[in-house]
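For what it's worth, my numbering labels the leading residue of the sequence shown as 1, then goes sequentially.
Source of the hints: derived by calculation from the structure; they are not laboratory data.
Any given hint could be a false lead.
[Unchecked claim] Distance condition first, Cα-Cα at most 16 Å in a straight line; then the derived EDC-like pairs of lysine to aspartate or glutamate: (1) Lys16 - Glu32; (2) Lys14 - Glu42; (3) Lys22 - Glu32; (4) Lys16 - Glu42; (5) Lys16 - Glu31.
[Said to hold, decoys possible] Label-pair ranges, simulated between beta-carbon atoms: (6) Pro60 - Ser36: 47 to 53 Å; (7) Val49 - Thr4: 39 to 45 Å; (8) Val49 - Asp69: 27 to 33 Å.
Virtual Cβ for every residue (Gly too), placed ideally from N, Cα, C.
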Amino acid sequence: MRTTINLPPRIIEKAKERAREKNVTLSLYVEEAVRSALSKDESTPSESVVKLPTFNCGGPALIDLEDKDALWEALDDRS
1 MRTTINLPPR
11 IIEKAKERAR
21 EKNVTLSLYV
31 EEAVRSALSK
41 DESTPSESVV
51 KLPTFNCGGP
61 ALIDLEDKDA
71 LWEALDDRS
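All chains should be modelled from the sequences, with the hints used to inform the complete structure.
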């Protein structure tokens with residue numbers, strides 16, 4: 001299918017150069033590049049879940065981490 005896309009001149013020149021090196025048309029080179037990019041997107045999970053270790057610190061937290069003012073105050077007291 002024929003379509004028009006706008007790319008920066010530097011990218012077009014690099015793509016033309018690579019297509020010549022591979023002895024393929026610019027259209028085929030761009031098609032392969034798009035296919036490659038799409039397959040990488042599909043194979044990469046959108047969200048990686050990492051299980052981090054937790055530790056029992058022996059009691060309730062001394063600072064409410066959701067309270068920005070309390071957190072900044074505690075950090076200022078340490079200096």
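Checked hints:
1. Lys16 - Glu32: Status holds; Cα separation ~13 Å.
2. Lys14 - Glu42: 26 Å, violated
3. Lys22 - Glu32: Answer holds: Lys22 to Glu32 is near 12 Å, not above 16 Å.
4. Lys16 - Glu42: 27 Å, violated
5. Lys16 - Glu31: 13 Å, holds
6. Pro60 - Ser36: 47 to 53 Å: 52 Å, holds
7. Val49 - Thr4: 39 to 45 Å: Between Val49 and Thr4, where Cβ atoms are some 41 Å apart, the hint holds.
8. Val49 - Asp69: 27 to 33 Å: 32 Å, holds
Of the hints listed earlier, those the structure fails to meet are numbers 2 and 4, in rising order.
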